[in-house]
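Starting from the given sequences, assemble the full structure and let the hints guide the process.
From first to last, the protein sequence lines are chains P and H. Under numbering that gives the first Met the number 0, the residues of the first sequence are numbered 0 to 832, in order. Under numbering that gives the first Met the number 0, the residues of the second sequence are numbered 0 to 634, in order.
Please keep in mind that the hints were generated in silico from the structure rather than gathered at the bench. Predicted, not measured: the structure shown is a model, and the values here were computed from it. One or more of the hints may lead you astray.
Below 25 Å or equal to it, Euclidean Cα-Cα: the simulated BS3-like pairs (lysine-lysine) are [claimed, not checked]:
id : chain 1 : residue 1 : chain 2 : residue 2
1  : P       : Lys148    : H       : Lys85
2  : H       : Lys517    : P       : Lys56
3  : P       : Lys145    : H       : Lys517
4  : P       : Lys336    : P       : Lys301
5  : P       : Lys505    : P       : Lys491
The residues making up each chain are set out below.
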Amino acid sequence: MSEPVVKLKINQKMVEARQGMTILESARQNKIFIPSLCDLEGLPAFAGCRLCLVQVKGQAHFLPACQTMVEEGMEVITSSEELENLRGANFELILSSHPYFCLFCDEKASCDELKATMTKALEPSSCVFCPKDGDCQLQQIANYFKVEKVPYEFEDRGLELWQKDPFIIHNPNLCVLCGRCVRVCSEARGEGVLSFVNRGTRTAIGTFFGRSLKEANCSFCGACLDVCPTAAFFERGVVSVRGQEIEKKKFVCPVCGGGCQLEAEFFSDGQLRRILPASDDQPAFYSGCRRGRFGLKEILSKLDQDRQPTIKKDGKPHLSSWSEALAQAAESLKKYKPEEIAFIFAGENPADSLQAFLKLGQGLGIRSIFWFYPEFFLNKISLFEEENGIDIRRLIKLKELAKFQTFVLVDLDLKTEGPTVWLEIRKQLGKGARLISLDSGVRASVPGAAVDLKCWPGKENLALLSLLNQVIKKSDSLIIRDGYGAFLKELKKIPEEELAQEAELKSSDLARAAQILLENKPVAFLFGQRFLRQSAAKENLTALWNLSLGLEGCLIPVTSKINELWMEKISYLASIKAISDLNFLEHEIRNKKIKVLYLLGDIPLKEKPELLIVQNPLRTPLASKADIFLPETNCLEGSGYLVDLEGKVKTSQPQDERDSERLSGLRIFKSLGAMLGVRLEPVSEKALVETVNKGSEEKTTGQLNYLPLERCLTGKIEVKTSPRKRDPEEFEIIIGQNLDSYAGKALAEESAGFKFIDHPDGLWLNETEARSLGMTEGMKVIVETEHGNLSLVVRLTRSISRGRAMFNPILNDSLKLQLFNQGIVKAFIRVKK
Amino acid sequence: MNQIRFQTVQELKSYRLDLAKREKQKRRLVSLSAASCGRASGALEVAAALKESLEKNGLSDTVELRLTGCHGFCQFEPDVIIFPEKYFYPNVSPEKVSPIVEKTLIQDQIAEELSLAGENGQRILATIDDLPFYRKQVRWLLDKHLTLDPESLNSYLFHDGFKALEIILSGMATEKIIDELLSSRLRGRGGAGFLTGLKWRLARQARGDQKFLVCNGDEGDPGAYMDRGLLESNPFSVIEGMIIGGYAVEAGKGFIYIRQEYPLAIERVEEALKAARAAGLLGENILDSGFSFDLELVRGAGAFVSGEETALLASIEGRRAFPRQRPPYPVAQGLWDRPTVINNVETWANVPLIFCQGANWFSRVGTETSKGTKIFSLVGKVRYTGLVEVPLGITLKEVIEEVGGGSEPGKKIKAVQTGGPSGGCIPVSLFHLPLDYETLQQAGSIMGSGGMIVIDEDTCLVDLILYFLRFAAEESCGQCAPCRLGTKQMVRILEKIVQGEGQIEDLNLLEKIGRTMKEASLCGLGQTAANPVLSALRYFRPELESHILSKECPAKVCQNLIAYIIEKEKCQLCQLCLPNCPVEAIEENQEGYLEINQNLCTRCGVCFSVCPPEFSAIVKINRKELELPPDKRDE
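Below is the structure:
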């Protein structure tokens, strides 16, 4: 599809440009420089800085190149004495509102040595405090204009810094009001936290009624930091680059399934400066979130001490050399019979490294190779598919989401579980698509949802059938497929109100949702692991299938962990079992059937085998107990391929010459293999791509490029009524997923900021209900379940309904794991005395 | 009164023509100016007193009391005009009601003692025809404000209301409507002066699934209230203009944007919209013409920049009132990216007039390029202030000297500032210039929406432009750098100058900033915000220079440059000033005279104002004369 091209003259030169391009874009394409400040590729034009003014023949005024579209026959002059004078005078005005001592200072040349000590202060009153010094767009433009003096006295605006929030500091005194942060926050990230406030000379960037970012529901994606041309928005603790060599390394964020391409910046001494998004195929500010850029940074820079392996001697870990540790590991593996050894992987390692681990295990003849992954739900879908002879597509490309008019999120906190998918959907919402949420427990309201259906936990299937009832009422044009008639007959046996009541949904809300579904087709139903991590998983999926079938919709499972799509394939191809609990393993360890455990990553293991080898970038409590601990490279250091939730294979660059004493997983497995006589071939990117796509080629046909649903699932529909709350302290606890962890450690463990925003032991309760029980924000409570008690921290929200609570545990102990596998747990919540 | 719903044009027409016959005319009409300013000056109390008095005297059947909109003569609010004689009673208070009723309504005489004092040999100025203020105007729009009940559709119909709509809907082709408007040469009254007919034509030709009309009633210039006057006094005329506009450009919906600070205008327009809807003049299939159109009132939240058309559109759409770059102009891409005609209140109000009287009739008044009349808000140092409507092409001198009655006694007029914060000062030497769009622009000012502030020798030019620049700096939307920062720097420089700390180079810097703002700003606000300064540099450079070079303020206004002294020859030692001085700076010297201690004096001016006028012993002089340096202390 070729887009129409127009011809125009820029500075007397004939150039071609795509229609819909701005003069600025066209000039850039032709290597013609026009100074600009507020413009940023990927954001709507603002035309506020007025530096890119150009002369267009036939126009009385100069026009901003960033906002003026090219037209056939247009004649543009980008530079003339008049224009340069005007821009220069304008830039002087811009500088008049920003501390400009970094530009014109007599000491400028000689002060580099002085500034090292001054970086702790937050308030840049001069160049030496400014974290953007040397990397500032104002400085670059000043260079272009060769500004030597500003005819205006500098006036400190004296505005208060925003420093109540973690990670992000805003210094309004440095702000040039280019509005990039406002635009990125609302247009690109869909957050709408930042906006312009006040007017005239008091115009500033602000939040809703001046609240802190956290109180204004900021998700701390950090996009404002990426787009700010000055240090008005800057990352806490990041210091200026001036005078220092910065090394950069691109890597794939392993924290969630999005697999954002990030970039780490290191000082020459190896100290991590910061982590930034670094996407290649779209503006960087569309990717990355607080987990990758702040959480990883803090956890990895604080836990950087484990560089050498340890071997346990006399009950205590002792540092050893790599050769010694690897030799001992090989020897141990040799000493035991293959059936006495178990290989378990649970880490965020690159796929090629994991494959080497599997190959090593299989080469040694080990049968007990497990993939510990409680969140895994694709296997449940597979089983369901087999049972019912149907097919649900796995690979959904984000771009395909543009084809849908309505998105239904079912038991899916998409913003945290699939941030990249969420951003894509946000874009579609901006273009007029509709959003419906059906969830038993959301701790924050779903932004942009037209209808927010909050059903009783475990009654999702009834909620979906109730929704279907409303759809049927409003439309007689349901697509009737095999068995649909029988199914509807079955559905009609149950009074409609009974269904809705049991799901605790109002028919008016359901009717509104049904209306939207019917009027805005096609519909995509996105669901996550929580939807199938409950006892009614099958009923849930059946109901969703039938609803989707009637509406000709599309089911999209959203996987939330990196490599998940590849793991599903590889575990099938190599018959690796995915396990969601450790009961069997611990049983085998107790019975001495399994004596050696080689663990990649971290698991909440209670029983210790005779010999425990742990390989993990971080020294978790379990790693400290290991007989042999192998600290492998972390995600910033190692290279390799990771598979994201689209099934895209992404590459982490090998680190340039950075001397890490840690070894990569691949090197470890290769060395062990060499010692044990197992030859490991490197896995190519191509092979990975093939594995991921295996079996899905034929599913990518069809008009909408998704698999049309075919068969209706019939069967008896049962309404199991469940007793509701009898005691005020009795709650239904929804156990959600917490992705804020890396290598078995909660990001919040090393980051006070993380803890402040989202406490890993937070228990989300309905604000009014909790208050009536005497619970306040941040209060410790005891949660009594039949499996055991937990001490959690109260978080209040208006989004969750009464009688239920939500807890998103990091799975680092067995009780949490047990609860997680239950999905929904009855409990008493009592104030801790 | 039960409003009938008009089904056809014919029905409307016969109803309107019948009104004159049916309405039994009372012998007299008492017209009380009761728009915002009148009410603020007690019009409602006067109305109550009048009503009571009429009832008491059994005059209710023969005299009609009508609370009209603005009569335009500000300084005499509230005023009463009694028809048919057109007796004019200024500053009426409840106490004056009974002599007026007694003398004029009962005895058919004029209550001379309550009339305006005469001039040039006249004893009194008894009727509005005697008043030069009214006599020199051409009040095509404003005259109706004297007799029209703004809350009554019938009253509007009685005043030829909706006659234009009848003409339009009786088979006038839309192209013909636009041709007619074009040939009237009506230009936008909001300031820029774009040909209204051309704007309509462009909107009509623009492609869009929907088109919109907007009435810009976000009048924000300090001291200007033309739009408020029109909206409060004759809301139906704006509505009728917009219905005609909607028909011509095929728009289905229009918005009337009024600033929140105009509560009475909002109330009246809201009521008028209801009445028009009930009468079938708005809504589906208006008068069976097949044309459907409705209007919605939108309240502005108080930002001056919302008066800029693109910012206003953003505001209607519910966004922050940031302007956007033009082109594309609203006629191509306006509200929700649809073609939109946005016109000022006065422009819309002129539309029915043109179609009632014909384009030829309209264009016979004015200059080659500027036709019709224009309403100005004439304020400042003239004898008569108020809303005045004059034919375009009239000279500034005629407006100021004749309508405005010239300078205040004993003072000399220095200049006139037109166009509000976006305009400039035109010196007395150019008062021969005709009032039209181009001439004012060439003179470094603008027509603007019609603000006209007369200043005399007691007004300091620097102080005045500082006021306007402060206003612009406050009201800049903050989006584009030249406007936000240029106004700020100009304020800083001017502040230095009035404090006697200016440097002569500052004048060049002001000029440079001014040019940058003019050329580089995004919207009209920024592009014109430097006009007060640029025109001052053009015409009043010596006054600026004297602040800088000799640290003198010729008008003796700038606090830091002046001093108060007591002239001992005039001082009668009444000692009134003594206890009034807040800083006890007035002392008795050894010779027994009172003297102001300049070290203590903060130049608050209290002594100056309490010194009895018959003595006038305290005078302002420049500090320079006392060989004192500028003093930065504030009061």
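Against the structure, the hints come out as follows:
1. A threshold of 25 Å between alpha carbons decides the hint, and for Lys148(P) with Lys85(H) the separation of about 67 Å lies outside it, so the pair is violated.
2. Restraint check for Lys517(H) and Lys56(P): the C-alpha separation of about 19 Å stays at or below 25 Å, so the hint holds.
3. Using a Cα cut-off of 25 Å, the hinted pair Lys145(P) and Lys517(H) holds, with the two alpha carbons roughly 24 Å apart.
4. Between the alpha carbons of Lys336(P) and Lys301(P) the distance comes to roughly 39 Å, so the proposed pair goes past 25 Å and is violated.
5. A C-alpha spacing of about 18 Å is found between Lys505(P) and Lys491(P), which places the hinted pair at or below 25 Å, so the restraint holds.
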